[in-house]
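Asker: Residue strings, one per chain:
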Amino acid sequence: MKEHQDYIKDIAEIRSMMERSSKFLSLSGWAGILAGAYALAGAWISYSVYEFNPNEPFYSHGQLHQVILLAIGVFVLALITAIYFSKRNANSKGETIWNSTSQRLIANMAVPVLTGGILILILISKGLMGLTIPSMLIFYGLSLFVAGNFTIKEVKLLGIIEIILGLASVFFIEYGLFFWVIGFGVFHIIYGTYMHFRYER
Amino acid sequence: MIKVNVSFDDLHKAFESRVRLGIMSVLAINDSLDFSALKDLLGVTDGNLASHIKSLEKEGFIGVKKSFIDNKPNTKYSMTLAGKRAFDNHLKALENIIKSQK
Chain R
439 MKEHQDYIKD IAEIRSMMER SSKFLSLSGW AGILAGAYAL AGAWISYSVY EFNPNEPFYS
499 HGQLHQVILL AIGVFVLALI TAIYFSKRNA NSKGETIWNS TSQRLIANMA VPVLTGGILI
559 LILISKGLMG LTIPSMLIFY GLSLFVAGNF TIKEVKLLGI IEIILGLASV FFIEYGLFFW
619 VIGFGVFHII YGTYMHFRYE R
Chain V
120 MIKVNVSFDD LHKAFESRVR LGIMSVLAIN DSLDFSALKD LLGVTDGNLA SHIKSLEKEG
180 FIGVKKSFID NKPNTKYSMT LAGKRAFDNH LKALENIIKS QK
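Taken in sequence, the protein lines are chains R and V. Quick note on the working numbering: the first sequence kicks off at 439 and runs consecutively. Quick note on the working numbering: the second sequence kicks off at 120 and runs consecutively.
In short, the hints are calculated from the structure, not lab data. Certain hints may be false.
When the alpha-carbon atoms are kept at most 27 Å apart in a straight line, the in silico BS3-like pairs for lysine-lysine are as follows [said to hold, decoys possible]:
id: 1; chain 1: V; residue 1: K211; chain 2: R; residue 2: K461
id: 2; chain 1: V; residue 1: K132; chain 2: V; residue 2: K191
id: 3; chain 1: R; residue 1: K447; chain 2: V; residue 2: K158
id: 4; chain 1: V; residue 1: K184; chain 2: R; residue 2: K461
id: 5; chain 1: V; residue 1: K185; chain 2: R; residue 2: K461
id: 6; chain 1: R; residue 1: K461; chain 2: R; residue 2: K564
id: 7; chain 1: R; residue 1: K461; chain 2: R; residue 2: K447
id: 8; chain 1: V; residue 1: K203; chain 2: R; residue 2: K525
id: 9; chain 1: V; residue 1: K132; chain 2: R; residue 2: K525
id: 10; chain 1: V; residue 1: K203; chain 2: R; residue 2: K447
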């Protein structure tokens, strides 16, 4: 006959199995902190080196190519960092990062991310540089909101914050870069620090 | 010792093993999973998992669907209605036991 403790363990096992099979739990706080740092560095370079500061919807800039390449660089670097730390996290738990939950997470994030990406390309081609920052924040926020269903729920909250910042930045379009710094820089660092202390220590 | 007035008969024998309990837990929230996904989640060997799957299959608690993906055999497992009922009853029984012993 099993003991009381065994039944509680049974329930704990059921709970952990259900969570592990439906949620991707290998995201790391460090990835968030570093992504925020890259964003701050990228924004600082584009502002101080290239003097990029879109303050109206139609905004043209002499060194647009460099700024776009810089933005892509920040994005790719953040992505590589996220994959690296997730992999490290998963390995330490004896799991793999390419599993049914991570596939579901990526497939669901892909829709808002690709929609936003295409929209931004169209905006750039029409010269509407000033609207690219709000679009980045809003569509990134939407993808995080969806991702929150497949990983820890705090991601959902971060998504809502990014969406609000994105909408606010359409209203105060002259402060676009400032909103970008808050959304991609500051809040990633806050979120990453929170994650690190909440889940990794 | 507290007198327990909850029937332990409600606990299904098939779920005494943690592996079988794990299989039922993950199939309760995923429509279907293949062998390797189950193996990753439960962290058990091929042979061990296969034998537990077989016994659950015999009880009629899980269904098997075989197909081919890129010419490789792929077997998907899912929970049957009988399996869902038995698992729900098992959960209720566990809950009652824990409540009564508090």
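Asker: State for each hint whether it applies.
Answerer: Structure-based check of each hint:
no. : hint             : in the structure
1   : V:K211 to R:K461 : 24 Å, holds
2   : V:K132 to V:K191 : 35 Å, violated
3   : R:K447 to V:K158 : 21 Å, holds
4   : V:K184 to R:K461 : 24 Å, holds
5   : V:K185 to R:K461 : 26 Å, holds
6   : R:K461 to R:K564 : 40 Å, violated
7   : R:K461 to R:K447 : 21 Å, holds
8   : V:K203 to R:K525 : 34 Å, violated
9   : V:K132 to R:K525 : 38 Å, violated
10  : V:K203 to R:K447 : 21 Å, holds
Hints 2, 6, 8, 9 from the list above are not met by this structure, while the remaining hints are.
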